[in-house]
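J.: Residue strings, one per chain:
Number of protein chains: 2
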Amino acid sequence: MWNQTAVSELLKIDYPILQAGMAGGPAGARLAASVSEAGGLGTLGAGYMKPGEIREAVREIRRLTDKPFAVNLFIPEPYEEEDGTMERARRLLQPYCRELGLAGEGPAAPKPYAEPFEEQAQVLLEEKVPVFSFTFGVPSADWIDAFKKEGILLIGTATTVAEGAHLESEGIDLVVGQGSEAGGHRGTFLGGHEQALVGTMALIPQLADTLHVPVIAAGGIMDGRGIAASLLLGASGVQLGTAFLASPESGAHPRYKEAVLQSMEESTVVTRAFSGKAARGIRNRFVVEMEQAEATLPPYPVQNALTRELRREAARQERIEFMSLWAGQGSRLATDVPAGVRVRELAAQTEEAFRRMHF
Amino acid sequence: MWNQTAVSELLKIDYPILQAGMAGGPAGARLAASVSEAGGLGTLGAGYMKPGEIREAVREIRRLTDKPFAVNLFIPEPYEEEDGTMERARRLLQPYCRELGLAGEGPAAPKPYAEPFEEQAQVLLEEKVPVFSFTFGVPSADWIDAFKKEGILLIGTATTVAEGAHLESEGIDLVVGQGSEAGGHRGTFLGGHEQALVGTMALIPQLADTLHVPVIAAGGIMDGRGIAASLLLGASGVQLGTAFLASPESGAHPRYKEAVLQSMEESTVVTRAFSGKAARGIRNRFVVEMEQAEATLPPYPVQNALTRELRREAARQERIEFMSLWAGQGSRLATDVPAGVRVRELAAQTEEAFRRMHF
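Same order as they appear, the protein sequences are chains L and G. Sequential numbering from 1 applies to the first sequence in full-length UniProt numbering. Sequential numbering from 1 applies to the second sequence in full-length UniProt numbering.
Since the hints were made in silico from the structure, they are not lab data. No residue lacks a Cβ here, since even glycine has one placed at the ideal position from N, Cα and C. Mixed in with the good hints there might be a few duds.
Unchecked claim - Across the chosen pairs, the derived CB separations fall in these ranges:
| id | chain 1 | residue 1 | chain 2 | residue 2 | range |
| --- | --- | --- | --- | --- | --- |
| 1 | L | Q349 | G | A108 | 53 to 61 Å |
| 2 | G | R285 | L | E82 | 27 to 35 Å |
| 3 | G | E289 | L | A293 | 22 to 30 Å |
| 4 | L | R344 | G | R356 | 23 to 31 Å |
| 5 | L | A108 | G | M357 | 49 to 57 Å |
| 6 | G | T210 | L | V341 | 19 to 27 Å |
| 7 | G | E291 | L | E170 | 29 to 37 Å |
| 8 | G | P68 | L | R344 | 41 to 49 Å |
| 9 | L | M264 | G | R355 | 33 to 41 Å |
| 10 | G | E118 | L | E80 | 50 to 58 Å |
| 11 | G | E321 | L | Q349 | 45 to 53 Å |
| 12 | G | Q122 | L | T210 | 46 to 54 Å |
| 13 | L | A295 | G | G84 | 19 to 27 Å |
With the hints as constraints, model all of the structure from the sequences given.
T.: Rendered as structure tokens:
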């Protein structure tokens with residue numbers, strides 16, 4: 001059977017279909033549980049969540065399903081706060097804050113800029129989550145050991161063959177190959193993100209040729225055709241984000257879901273405007289107007305902290321021109337069917353795609 | 001059989017495998033004839049050739065094979081010569097000309113900047129070539145009629161769904177969907193090329209859903225895995241360039257072939273530096289040093305004419321740092337086996353890829 005791959009066997013799931021850990025709302029407990037319950041691997045996108053929120057969400061998933069699931073976190077990277085960068089960014093953002101009616105002195109970035117990884121990871125250990133997936137780097141050897149001692153499977157994210165090989169050498173169990181089509185943040189952690197914008201069609205065979213651990217294809221995969229194609233390219237599984245983004249179980253803002261459902265293949269762009277880290281999303285007014293200044297913006301997580309209030313207020317006022325609308329280049333093929341139904345549809349479509357090619 | 005698709009039937013070829021019309025040397029008569037003779041569709045990359053050279057090459061192909069083949073041309077686009085742009089570009093190029101020992105006054109751009117399309121196309125009509133493929137736009141209705149009257153099949157190039165739909169509405173018989181992984185010039189002709197850098201995995205299903213004419217996948221396809229994946233995505237055929245670039249029959253410079261064989265997935269970049277039109281190639285010194293000035297360079301074909309002498313002299317001196325090394329993101333998988341052998345290998349690999357997934 002097409003679905004009996006190294007990925008489905010290792011993760012103990014019916015179909016080697018992972019739901020991406022879309023942080024910041026879309027991939028909450030409800031979406032993760034629905035995908036897992038239907039036979040895929042649901043993922044809690046916990047990158048921006050406080051440790052206590054993660055614990056609560058993990059317990060919620062377990063109330064909803066007894067199937068395996070993953071929790072996704074961001075690996076912290078060193079960053080520099082250059083003199084003046086923060087002030088320049090604040091001046092750039094001030095007019096938007098004013099337009100949204102946010103009081104006074106413009107955007108602030110209260111510390112810490114991001115939730116502390118160690119405290120987040122500690123919750124995963126304590127709750128003994130089945131799978132820990134991550135992006136933006138590799139956990140330290142100590143953390144990897146700690147997870148392995150608890151029997152927690154580790155999934156890393158690579159945008160190049162070199163990153164995949166590095167993850168494997170650190171003992172990571174499975175590697176997601178994130179093609180340039182993928183929505184959301186680029187997982188690149190070795191070298192610049194521009195060089196690492198490699199299309200899924202080119203990336204997956206090169207990763208599969210080099211790695212010994214199973215490769216999971218991500219980027220532009222939206223239906224059974226993409227899943228079947230990915231398996232033929234050498235992947236043992238797939239990870240889909242945008243395909244689940246507009247489902248009722250997704251926590252994405254209703255206007256965000258509408259924008260995804262109305263988008264097309266030319267709608268997205270890779271931008272640093274919202275978070276300071278390159279990410280693919282639907283081009284809106286904020287992205288366009290910040291384009292000129294992109295190179296001078298502070299790095300993640302500084303810029304992310306600076307725009308947080310603005311994004312929150314924009315969501316409250318339903319002003320999609322200031323919201324981060326992460327989506328991949330396949331977004332035209334997104335649907336609003338329930339996530340569990342979608343998983344079963346994807347499995348049936350994949351089987352059908354293979355059946356059509358039989359001879 | 002996997003190879004009996006709308007593309008192989010329409011083109012009367014054994015395998016729906018097209019060799020891309022890599023202009024400027026690689027795709028000469030010898031490569032085209034070898035690919036066609038082996039059961040694929042070879043293509044003469046005639047974009048930069050004079051009408052007389054095209055006629056000679058077409059006759060050479062016919063001496064070497066009686067199988068169908070294609071000739072590829074560039075559709076001329078309107079362009080503007082802004083005041084000062086040419087002078088600025090000449091000043092930028094002068095140091096490189098000096099470094100290569102080119103005499104005197106720096107780069108010149110003798111008119112016409114490009115070979116006249118009408119005279120090139122007239123040769124194709126007179127020689128009644130089996131297939132005319134093109135990029136950068138659509139021929140006028142008169143030209144399309146003239147080709148159709150001679151029974152010449154037409155293949156256009158699309159980088160977006162809108163471009164594909166436009167080609168179809170103009171009566172084009174088959175549409176190549178050029179994913180962002182593809183090497184060489186971007187075929188984009190509606191809107192900016194940045195928005196039209198859509199990965200093959202995302203582009204092909206969206207094109208296949210919209211078009212009624214057969215879709216040919218291009219971009220990052222290097223072996224049977226990529227061919228099988230493309231057919232599952234909804235394509236009825238594939239077009240490969242980089243996979244044939246280092247073959248003995250390819251007219252690419254020996255140093256260029258070496259560079260391709262030593263490259264990896266992060267080696268390439270989309271640049272306007274050489275021709276004024278966005279194209280993917282291996283990042284070398286010229287590309288890196290021109291990066292800052294890219295936005296100010298004259299458009300194609302002006303910049304192409306300005307750098308012609310420099311590129312020619314660099315090739316003569318084997319200075320790959322100044323040569324245009326067009327290649328796709330799958331270039332790591334390129335081989336130097338003969339093109340005909342490669343076509344048969346690709347067919348066998350494709351069959352094998354499908355067979356592995358049988359259940």
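J.: Decide, hint by hint, whether the structure agrees.
T.: A quick look at each hint next to the structure:
1. Judged by the Cβ atoms, the range 53 to 61 Å given for Q349 (chain L) and A108 (chain G) holds: they are separated by roughly 57 Å.
2. Between R285 (chain G) and E82 (chain L) the Cβ separation comes to about 29 Å, which falls inside the hinted range of 27 to 35 Å.
3. Checking the proposed 22 to 30 Å range against E289 (chain G) and A293 (chain L) shows it holds: the Cβ atoms sit about 24 Å from each other.
4. Between R344 (chain L) and R356 (chain G) the C-beta distance comes to about 25 Å, which sits within the given range of 23 to 31 Å.
5. Checked against the hint of 49 to 57 Å, the pair A108 (chain L) and M357 (chain G) passes, with Cβ atoms roughly 54 Å apart.
6. For T210 (chain G) paired with V341 (chain L), a C-beta distance near 25 Å keeps the hint of 19 to 27 Å intact.
7. For E291 (chain G) paired with E170 (chain L), a C-beta distance near 33 Å keeps the hint of 29 to 37 Å intact.
8. A C-beta distance of roughly 44 Å is found between P68 (chain G) and R344 (chain L), which places it inside the suggested range of 41 to 49 Å.
9. At about 36 Å, the beta-carbon gap between M264 (chain L) and R355 (chain G) stays in the expected band of 33 to 41 Å.
10. Under the hint 50 to 58 Å, the C-beta atoms of E118 (chain G) and E80 (chain L), about 57 Å apart, fit the expected range.
11. One distance hint, 45 to 53 Å for the beta-carbon pair E321 (chain G) and Q349 (chain L), holds here, with the actual separation near 48 Å.
12. Checked against the hint of 46 to 54 Å, the C-beta distance between Q122 (chain G) and T210 (chain L) comes to roughly 49 Å, which is consistent with it.
13. With their beta carbons about 25 Å apart, A295 (chain L) and G84 (chain G) fall inside the hinted range of 19 to 27 Å.
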